[in-house]
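J.: Start from the sequences and build out the full structure, keeping to the hints where you can.
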Amino acid sequence: MKRALPLALLVLLGAGSLAFDLTLPLRLPSDQDWAEAAGAVRAGAGPGAPAAVVQIWPPWAERARLFVDAVPVVAEEDLAAADYLGAQRLWLLALPRVPFGGLVAARAALLRRGAVPLGAARNFGALSLEPWDLRAPPVATELTSRREAHEVDYVARECEQVPIGARLERRGAGSVLHLRAGIIGERAYDDGRAPLQVRAGFGTLIVRGAGWQRLDVSLPAGASAERNFAFTIASADASPPFCLQAWTTR
Amino acid sequence: MKRLPLMMGFLTAVALSLTQADVGFVRDEGYYFSAAQSYETWLRGLPQSLAETERYWSVNFEHPPLAKLSFAVSHLVFSTWSRLLPDALAWRLPAFVFAGLLSYWLSLLALRRSRAAAVLAPLLFWCAERTFFHGHLAAFDVPICAVTAGVAVAWLRIASPLEGQGLKHSLWLAFLYGCALATKHNAWFLPPVLLVHALLLPGPARARSLRALLFLLLSPLVLFATWPLLWHDPVRHLRDWISFHLHHVHYAWEYLGRELRAPPFPIEYPLVVDALALPLPAVVLYALALASLLTDFARRRLGPDRLLELGLAGAAVLPFMLRTTPIFGGLKHWLVFLALLAPEAASLITQIAERSGLRRALPLAAAAALLPGIWQIVHLHPYGTSAYGELAGDLPGAASLGMQRQYWSSNVMGVLPWLNANCPPGARVYFHEVNIESYRAYLQSGQLRQDIRYASGPGDAQYAALQWHREFRDREPETWNAFGTRRPAFGLYLDETPQVVVYARPGSPGAP
Numbered sequence: 001m002k003r004a005l006p007l008a009l010l011v012l013l014g015a016g017s018l019a020f021d022l023t024l025p026l027r028l029p030s031d032q033d034w035a036e037a038a039g040a041v042r043a044g045a046g047p048g049a050p051a052a053v054v055q056i057w058p059p060w061a062e063r064a065r066l067f068v069d070a071v072p073v074v075a076e077e078d079l080a081a082a083d084y085l086g087a088q089r090l091w092l093l094a095l096p097r098v099p100f101g102g103l104v105a106a107r108a109a110l111l112r113r114g115a116v117p118l119g120a121a122r123n124f125g126a127l128s129l130e131p132w133d134l135r136a137p138p139v140a141t142e143l144t145s146r147r148e149a150h151e152v153d154y155v156a157r158e159c160e161q162v163p164i165g166a167r168l169e170r171r172g173a174g175s176v177l178h179l180r181a182g183i184i185g186e187r188a189y190d191d192g193r194a195p196l197q198v199r200a201g202f203g204t205l206i207v208r209g210a211g212w213q214r215l216d217v218s219l220p221a222g223a224s225a226e227r228n229f230a231f232t233i234a235s236a237d238a239s240p241p242f243c244l245q246a247w248t249t250r
Numbered sequence: 001m002k003r004l005p006l007m008m009g010f011l012t013a014v015a016l017s018l019t020q021a022d023v024g025f026v027r028d029e030g031y032y033f034s035a036a037q038s039y040e041t042w043l044r045g046l047p048q049s050l051a052e053t054e055r056y057w058s059v060n061f062e063h064p065p066l067a068k069l070s071f072a073v074s075h076l077v078f079s080t081w082s083r084l085l086p087d088a089l090a091w092r093l094p095a096f097v098f099a100g101l102l103s104y105w106l107s108l109l110a111l112r113r114s115r116a117a118a119v120l121a122p123l124l125f126w127c128a129e130r131t132f133f134h135g136h137l138a139a140f141d142v143p144i145c146a147v148t149a150g151v152a153v154a155w156l157r158i159a160s161p162l163e164g165q166g167l168k169h170s171l172w173l174a175f176l177y178g179c180a181l182a183t184k185h186n187a188w189f190l191p192p193v194l195l196v197h198a199l200l201l202p203g204p205a206r207a208r209s210l211r212a213l214l215f216l217l218l219s220p221l222v223l224f225a226t227w228p229l230l231w232h233d234p235v236r237h238l239r240d241w242i243s244f245h246l247h248h249v250h251y252a253w254e255y256l257g258r259e260l261r262a263p264p265f266p267i268e269y270p271l272v273v274d275a276l277a278l279p280l281p282a283v284v285l286y287a288l289a290l291a292s293l294l295t296d297f298a299r300r301r302l303g304p305d306r307l308l309e310l311g312l313a314g315a316a317v318l319p320f321m322l323r324t325t326p327i328f329g330g331l332k333h334w335l336v337f338l339a340l341l342a343p344e345a346a347s348l349i350t351q352i353a354e355r356s357g358l359r360r361a362l363p364l365a366a367a368a369a370l371l372p373g374i375w376q377i378v379h380l381h382p383y384g385t386s387a388y389g390e391l392a393g394d395l396p397g398a399a400s401l402g403m404q405r406q407y408w409s410s411n412v413m414g415v416l417p418w419l420n421a422n423c424p425p426g427a428r429v430y431f432h433e434v435n436i437e438s439y440r441a442y443l444q445s446g447q448l449r450q451d452i453r454y455a456s457g458p459g460d461a462q463y464a465a466l467q468w469h470r471e472f473r474d475r476e477p478e479t480w481n482a483f484g485t486r487r488p489a490f491g492l493y494l495d496e497t498p499q500v501v502v503y504a505r506p507g508s509p510g511a512p
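Keeping their order, the protein sequence lines are chains A and B.
Numbering-wise (our numbering), the first sequence opens with residue 1 and increments by one.
Numbering-wise (our numbering), the second sequence opens with residue 1 and increments by one.
Simulated from the structure, these hints should not be mistaken for laboratory data.
Be a bit skeptical, because a hint or two may be false.
[Unchecked claim] Where chain B lies over chain A, by a calculated footprint (3+ residues, C-beta under 8 Å):
#1 65-71
#2 92-103
[To be verified] Computed far set for chain B versus chain A, every beta-carbon distance over 12 Å:
#3 R27
#4 F215
#5 L217
#6 L246
#7 E437
#8 R440
None of these values were measured; they are calculated from a predicted model.
Quick reminder that beta carbons are idealized off the backbone N, C-alpha and C, glycines included.
T.: Rendered as structure tokens:
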């Protein structure tokens, strides 16, 4: 019996591996699953519904973009820190059964940021869809354009590409200023790149190396009053493509 | 005695030639096809073209000539002259021969253990989508693997008291090592291994082997004879070749959630990549084979055959554990490591079966070892650079772990039929990682419609076929901005993981 143990282990290993491979499709969504989940998002996105985004999980599950047409699809990697600018509701559209999917950690990250689940997850085959209330403070003014998107730190950001050395003047109200900035694409990883400063009058954001840098500062009293905001971007190296996102909340 | 290895070699070449049609042209093949075309033009122009050797052979000066020359000769004979084969198949034909030779020599190495091992060793090596994929390419990775195995067989023949007498064996060894030198620079590592191996052999075998080692001084003649670039100003050209590899650029490469861009790289990198990319039973068998060889080496119970296999396998992988060697391209660079462990791993399968004392244990053990790999091929071929094994959780698990999704752009094959069906006449397509040489190969092979044009970026394109790489994530938002849509029209998704995502300008045929 003992002599057959290595053979038994090898057979078990082979059979187990094969079983894992052959059952993988059961853990993955079909086109119909995607279409149904997208339909559910569409149904919840009618007139009068809170502004929403679909956060896919894992962040590589971007086939969602083929199907979800009613609200923006985002592939943020750090759900605790992501801004979800302008959204009040988040649909967590996930593949809960994929290996190393980490959905539990994703939910924990949402809870950590103060988001609240609005109900149980609905399953569409191998997909799950969970509505979350982001409990985000209302946006007072968007100070930079969100027309374009640029990749900073591997995530598509709705930020405004601004030449380094430029001065940006905007006007708006709000009690807290939020600044986000970073170098677009691969230039962020250049060796020995000079640091970059975004001076905003109420604070300075330093961008060193790669990453999506953030600064949140309380503004002097008078939240309802409109005021001027001036952003000056300075660096010894003006060549990298740079992206800025700024907004205020009430 | 040699009939079984010959059969394994023949079957390998046949299997690869039957499954090559869907394999996309990898970036490097584009360069090698261009080089082969240039060398073929030189061959056809002989002897007048001798005066312009530098011009024709400077194309892809950074790699030695043998494989590319074989692609050129194959194309000249089977395509240009006889019109028997289409261009791409004619260029790739020598790759199947090299793959067949690899199986032949692996089988010969394993035959020293048992006939069953001689069958299982090549099967174990090829039954994984990564290795199977590389067997199809007009590139250097499988050819260098093959000639290294050939050098091993020739060297062991010299070390053997029964086989190794005579000048012809030493000359054959020198010729094969010359072929290795003329195939890829990995060959530079072989002489030190052979020297150490010779020194560890018992008395008479040691003397015989050391004498044979001197014959390797003749090997550069093969390099010189097959590389006309060296016929003029050889020192400069040799310096350029060596310098290119000593100062090779480091491309960004995704590994366990990190982008590796520059040294120092993780020391365990090649072993982890092997473990995650190959089918799990193969991983375990290779690991046991390595452990068995190392243990017996420590106990001084390693015979000359196994000692050489350990040495060559080690020399193949250790440079990638130095932390400074470029690591992009994954396991293709150390295929010799797997190949030279395959005979020992195959032998372990037979031993496990024999020890059990059960009837039909060998087919059962072989099936357990090979079936997951066969399934991987059936399921994923021709998308070999994307393949991951069960330890990684297959492709979705590897994507979650943050492993390199794909490379070399050949997965674009998966979206060419859609582009052919949807692009209006003369449409401009941004092919992203697909270089102009590979694009031309797709046109030439008829896999891409002749009127579809190559765009330099999303800005001047009507369609974009983006290959998912973490270091190229900026291309997707760039395409959204240029096209004014964030919704793809089509895509190649393997087990849900995005590989190639196609965008179409709104209003274009096929746009959502």
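J.: What hint numbers does the structure not satisfy?
T.: The structure conflicts with no hint, since it agrees with every one listed earlier.
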